[in-house]
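Keeping their order, the protein sequence lines are chains A, B, C and D. For the first sequence, numbering that gives the first Met the number 0 gives the first residue as 0, with consecutive numbering after it. For the second sequence, numbering that gives the first Met the number 0 gives the first residue as 0, with consecutive numbering after it. For the third sequence, numbering that gives the first Met the number 0 gives the first residue as 0, with consecutive numbering after it. For the fourth sequence, numbering that gives the first Met the number 0 gives the first residue as 0, with consecutive numbering after it.
If you are wondering where the hints come from, they were derived from the structure by calculation, not from laboratory data. From the three backbone atoms N, C-alpha and C, an ideal C-beta is built for every residue, glycine too. Take every hint as true, because none was put in to throw you off.
As a list, the in silico DSS-like pairs of lysine-lysine whose alpha-carbon atoms are at most 30 Å apart:
hint	chain 1	residue 1	chain 2	residue 2
1	B	Lys18	A	Lys1
2	B	Lys186	D	Lys99
3	C	Lys47	C	Lys130
4	A	Lys1	B	Lys17
5	A	Lys18	B	Lys1
6	A	Lys277	D	Lys21
7	A	Lys17	B	Lys1
8	B	Lys366	C	Lys6
9	B	Lys218	A	Lys81
10	B	Lys218	A	Lys107
Stretch by stretch, here's where chain A covers chain B in the computed footprint (C-beta under 8 Å, at least three residues):
hint	region
11	203–210
12	219–226
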Amino acid sequence: MKVYLDNNATTPVSDEVKKEMIFAIDIYGNPSSLHQFGVEARNIVEKARRRVAETLGCDGQEIIFTSGGTESDNLAVRGYLKTTSKKHIITSATEHHAVYNIFNELEKEGYRVTRIGVDKNGTVDINQLKEELTEDTAIVSIMLANNETGTVQPVGEIVSAVKSMFPHIIVHTDAVQALGKLKFSVKELGVDLLSVSAHKINGPKGIGALYIKKGVRIKHLVSGGHHEKNVRPGTENVAGIAGFGCAAEIAVSKIDEVNDILEKLKLKLIKGVKEKIKNIKINSDAEKTLSNTVNISFNNVEGESIIMMLDMDGIAVSTGSACTSGSLEPSHVLKAMGVDPVAAQGSIRFSMGKYTTEEEIDYLLEKLPPVIERLRKMSPLERQ
Amino acid sequence: MKVYLDNNATTPVSDEVKKEMIFAIDIYGNPSSLHQFGVEARNIVEKARRRVAETLGCDGQEIIFTSGGTESDNLAVRGYLKTTSKKHIITSATEHHAVYNIFNELEKEGYRVTRIGVDKNGTVDINQLKEELTEDTAIVSIMLANNETGTVQPVGEIVSAVKSMFPHIIVHTDAVQALGKLKFSVKELGVDLLSVSAHKINGPKGIGALYIKKGVRIKHLVSGGHHEKNVRPGTENVAGIAGFGCAAEIAVSKIDEVNDILEKLKLKLIKGVKEKIKNIKINSDAEKTLSNTVNISFNNVEGESIIMMLDMDGIAVSTGSACTSGSLEPSHVLKAMGVDPVAAQGSIRFSMGKYTTEEEIDYLLEKLPPVIERLRKMSPLERQ
Amino acid sequence: MEQYSSKVMEHFTNPKNVGEIKNPDGVGHVGNPVCGDIMELYIKVDNKDVITDAKFKTFGCGAAIATSSMVTEMVIGKTVDEAEKVSNMAVTEALGGLPKVKMHCSVLAEEALKKAIDDYRCRTKDEKDNKDNKS
Amino acid sequence: MEQYSSKVMEHFTNPKNVGEIKNPDGVGHVGNPVCGDIMELYIKVDNKDVITDAKFKTFGCGAAIATSSMVTEMVIGKTVDEAEKVSNMAVTEALGGLPKVKMHCSVLAEEALKKAIDDYRCRTKDEKDNKDNKS
Ligand SMILES: Cc1ncc(COP(=O)(O)O)c(C=O)c1O
Ligand SMILES: Cc1ncc(COP(=O)(O)O)c(C=O)c1O
Numbered sequence: 000m001k002v003y004l005d006n007n008a009t010t011p012v013s014d015e016v017k018k019e020m021i022f023a024i025d026i027y028g029n030p031s032s033l034h035q036f037g038v039e040a041r042n043i044v045e046k047a048r049r050r051v052a053e054t055l056g057c058d059g060q061e062i063i064f065t066s067g068g069t070e071s072d073n074l075a076v077r078g079y080l081k082t083t084s085k086k087h088i089i090t091s092a093t094e095h096h097a098v099y100n101i102f103n104e105l106e107k108e109g110y111r112v113t114r115i116g117v118d119k120n121g122t123v124d125i126n127q128l129k130e131e132l133t134e135d136t137a138i139v140s141i142m143l144a145n146n147e148t149g150t151v152q153p154v155g156e157i158v159s160a161v162k163s164m165f166p167h168i169i170v171h172t173d174a175v176q177a178l179g180k181l182k183f184s185v186k187e188l189g190v191d192l193l194s195v196s197a198h199k200i201n202g203p204k205g206i207g208a209l210y211i212k213k214g215v216r217i218k219h220l221v222s223g224g225h226h227e228k229n230v231r232p233g234t235e236n237v238a239g240i241a242g243f244g245c246a247a248e249i250a251v252s253k254i255d256e257v258n259d260i261l262e263k264l265k266l267k268l269i270k271g272v273k274e275k276i277k278n279i280k281i282n283s284d285a286e287k288t289l290s291n292t293v294n295i296s297f298n299n300v301e302g303e304s305i306i307m308m309l310d311m312d313g314i315a316v317s318t319g320s321a322c323t324s325g326s327l328e329p330s331h332v333l334k335a336m337g338v339d340p341v342a343a344q345g346s347i348r349f350s351m352g353k354y355t356t357e358e359e360i361d362y363l364l365e366k367l368p369p370v371i372e373r374l375r376k377m378s379p380l381e382r383q
Numbered sequence: 000m001k002v003y004l005d006n007n008a009t010t011p012v013s014d015e016v017k018k019e020m021i022f023a024i025d026i027y028g029n030p031s032s033l034h035q036f037g038v039e040a041r042n043i044v045e046k047a048r049r050r051v052a053e054t055l056g057c058d059g060q061e062i063i064f065t066s067g068g069t070e071s072d073n074l075a076v077r078g079y080l081k082t083t084s085k086k087h088i089i090t091s092a093t094e095h096h097a098v099y100n101i102f103n104e105l106e107k108e109g110y111r112v113t114r115i116g117v118d119k120n121g122t123v124d125i126n127q128l129k130e131e132l133t134e135d136t137a138i139v140s141i142m143l144a145n146n147e148t149g150t151v152q153p154v155g156e157i158v159s160a161v162k163s164m165f166p167h168i169i170v171h172t173d174a175v176q177a178l179g180k181l182k183f184s185v186k187e188l189g190v191d192l193l194s195v196s197a198h199k200i201n202g203p204k205g206i207g208a209l210y211i212k213k214g215v216r217i218k219h220l221v222s223g224g225h226h227e228k229n230v231r232p233g234t235e236n237v238a239g240i241a242g243f244g245c246a247a248e249i250a251v252s253k254i255d256e257v258n259d260i261l262e263k264l265k266l267k268l269i270k271g272v273k274e275k276i277k278n279i280k281i282n283s284d285a286e287k288t289l290s291n292t293v294n295i296s297f298n299n300v301e302g303e304s305i306i307m308m309l310d311m312d313g314i315a316v317s318t319g320s321a322c323t324s325g326s327l328e329p330s331h332v333l334k335a336m337g338v339d340p341v342a343a344q345g346s347i348r349f350s351m352g353k354y355t356t357e358e359e360i361d362y363l364l365e366k367l368p369p370v371i372e373r374l375r376k377m378s379p380l381e382r383q
Numbered sequence: 000m001e002q003y004s005s006k007v008m009e010h011f012t013n014p015k016n017v018g019e020i021k022n023p024d025g026v027g028h029v030g031n032p033v034c035g036d037i038m039e040l041y042i043k044v045d046n047k048d049v050i051t052d053a054k055f056k057t058f059g060c061g062a063a064i065a066t067s068s069m070v071t072e073m074v075i076g077k078t079v080d081e082a083e084k085v086s087n088m089a090v091t092e093a094l095g096g097l098p099k100v101k102m103h104c105s106v107l108a109e110e111a112l113k114k115a116i117d118d119y120r121c122r123t124k125d126e127k128d129n130k131d132n133k134s
Numbered sequence: 000m001e002q003y004s005s006k007v008m009e010h011f012t013n014p015k016n017v018g019e020i021k022n023p024d025g026v027g028h029v030g031n032p033v034c035g036d037i038m039e040l041y042i043k044v045d046n047k048d049v050i051t052d053a054k055f056k057t058f059g060c061g062a063a064i065a066t067s068s069m070v071t072e073m074v075i076g077k078t079v080d081e082a083e084k085v086s087n088m089a090v091t092e093a094l095g096g097l098p099k100v101k102m103h104c105s106v107l108a109e110e111a112l113k114k115a116i117d118d119y120r121c122r123t124k125d126e127k128d129n130k131d132n133k134s
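Work out the full structure: start from the sequences and follow the hints.
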């Protein structure tokens, strides 16, 4: 049996999306070309733009296609900073590596960076945020939902707080994990910039979008032609864009239905693990958490070895983010939440998706306990 | 009849490529994930990397995947400049907008930019280049084949000249139009950095690669995870990469065969136009020109109106690059070649591809003369 | 670039009033080839100051040809004073809009018209002056 | 990350010599949980200085477990002096290589071994000293 519980890393492309991509692959004109081949391709791109815009609750003119969530995050933060001389920037301590590393590098480049802390559930401290805002603050970037724990941040509240004090501060949110899992609209949130990525919602990899609120100016990071309103040059990934449009539409149309199922599976998973394995810690306990994400620490064993053993049973899970695989640092997210280092080392993220079934969770609950037991038998920490 | 003669803008995706992409769409793991789903995806990426590397005559380790030619160009030039404090940079006057605009912007950012001129055939002046090299020169970026005229630059000679005088100067070449049309290897050329893009060789749009010679260091432009050797973060466009690998392999394997056919069609096209239409100028007359590209000025008429009229007959052509469509500036390439402004305004690029047939050229030669005649009848310049 | 409207395409495909007028009463010549557009507008005016015919010759893009065609259609039958009030916005509107990057074509068409009218006025003034001198 | 070799996978899946040795002749304890790896290596040495048994307990990734397993296998049957020469490179090689980011695991295994041998030498020295003192 194969059980894919790593949907926060990436998701299977749905049949509908695949079909639209295959169709778009044959529409081969360059969207920038004047002739009918170009027009056909342009129509596909513009249709997808409208669909993504509708999903986010904005106008098509406010959507820029990029090569993924990482590029969207960079374009938002660095692209905005290119238009201002302000030198103070704010983020949270639990951002995805994209935003996290942008701020680390900007710090080296001379910006003053404030990283807002989180409580033990991973929720950012709005009061701290309010205190840190100054006239010199250029941008606040705080994610909508965390990739490791599923914690949902109160972005709407954050925007209100920021804008009521300093209307000109730009607020960006990385909504890569929130799209299709959480109901939201850019209007309600009030953000200026918002990043999304197709491959997290059963769309293709290598395509993302950035919402840029009407009136907000950002500068391109890459020079070239006039594509995407001069903000993002390069011949458009037409097939990827078509797939994204389709995936976005489906993702929000089925959101309640899918979340109901996932919520039940999540409870079952947590209950089952608690019953069968002792000495664990649930790290996704925030009041508002994505329905698909469960993060659990298995004390005294290390995460990668759990992944590898489960993999032999056909079960795919991960530690934190896919990007940290192969890196040595323990999760900065769990660390910021105050999770004990050993517990952080033994944390596993189970992230379900719309194709996850109850049988799969049963299978996991059958295979996981002996894996943990076996690894604990090898662990020098276990007897202490 | 539909006749696509805009293959320098983009090309139809071949059936083989499409098939590999469809296969790859179903291999949905994240290449960064440890488990078997990740391994499967990673294997696809690495296979494609080897194929692209083989095509360019280098090692897989020297290939970085990007979102296209534009990004590759930016990563090469700006990524290298991030590692040096040298402030002089050299390019040619006839680069594609990607490189052209990178240098324009770098000039505004404080770099001293030298733009090497070209002769009336579009070939860069190596002697001028040699004279401009200094200790402070960081990088020389000169394209391998021009997108508007097909002019092939003596990049191998340029590299020898540069390296013999200043071994540490980095040489980049934009080989986006050369790949699959010209036989070359990075080893023979001797370049340090070389950009290519899949959609010009019957591969998908939105995927490119940068060759980075072993030992040459460049810094990422976008921050994020550890993907692509820390040089280019973001979840990989697996399906696009798979398509690129396939397209690259096919493109070079059939290069002689396709070029033989194109060379004949090119002669036929030029001969036919010369016979049937007077007062024209062939702008792709360099000794070494791509076999697929013919650039012709039709005096006293304007290019866009030619495109539009041919489009009504189902024929797709373009003025310069697809990126300039919708822009008002006349081609900087033809201008640099000393083409008279009116002739530049009336220039059309016919770019053939491996699917171009003799019937299509016949059809063009039937439809083009009345279009030019009609537009000339409207032209106030015609009677002068 | 944004799409051309169907009205623009119609006027580009079948432009009205292409050509020159022999012995015109006014000619407007604007633009230059470096910028990519040249328009020549000819008008014929009767003794009641009504434009009875208008023709154009244009070197330029689709929008330039369409606006030239449209402006000639719009002014035929109008008095010179009425025609003078035809603005670039009116031409654009009549064409169902123009892509932003092509708005300058409508400005060019307005200018060509104004110049043709100015030319007509100069000529009639000269004629009048000539008559006045003779009498 | 680079792939693990099949040898690494073999040792990870079926690690040899897991556990503790009661009354060991030497113990090496290295690493700390913040870095993500802890290894404990136990050796039993006979009176000819030959390692007759080795066992490990490891908290760590796949590579940490595989190198622990491999190093115990490699030293059993060797004299202490021979075992001391088993380097991290030798362990890595025996495993068919390790991903670059995992090379530190083999270093850790070498260190654990060295510490266990040091511990053994200390103990025997103490014993000898004790004997010497007694005699
Ligand atoms: C919260 C978050 N932001 C950004 C990204 C990066 O997106 P992409 O992989 O499309 O570059 C991811 C996923 O990896 C993510 O989970
Ligand atoms: C010479 C050259 N360089 C760069 C590019 C840009 O490539 P891409 O469209 O893949 O970004 C193109 C094509 O548009 C080109 O012809």
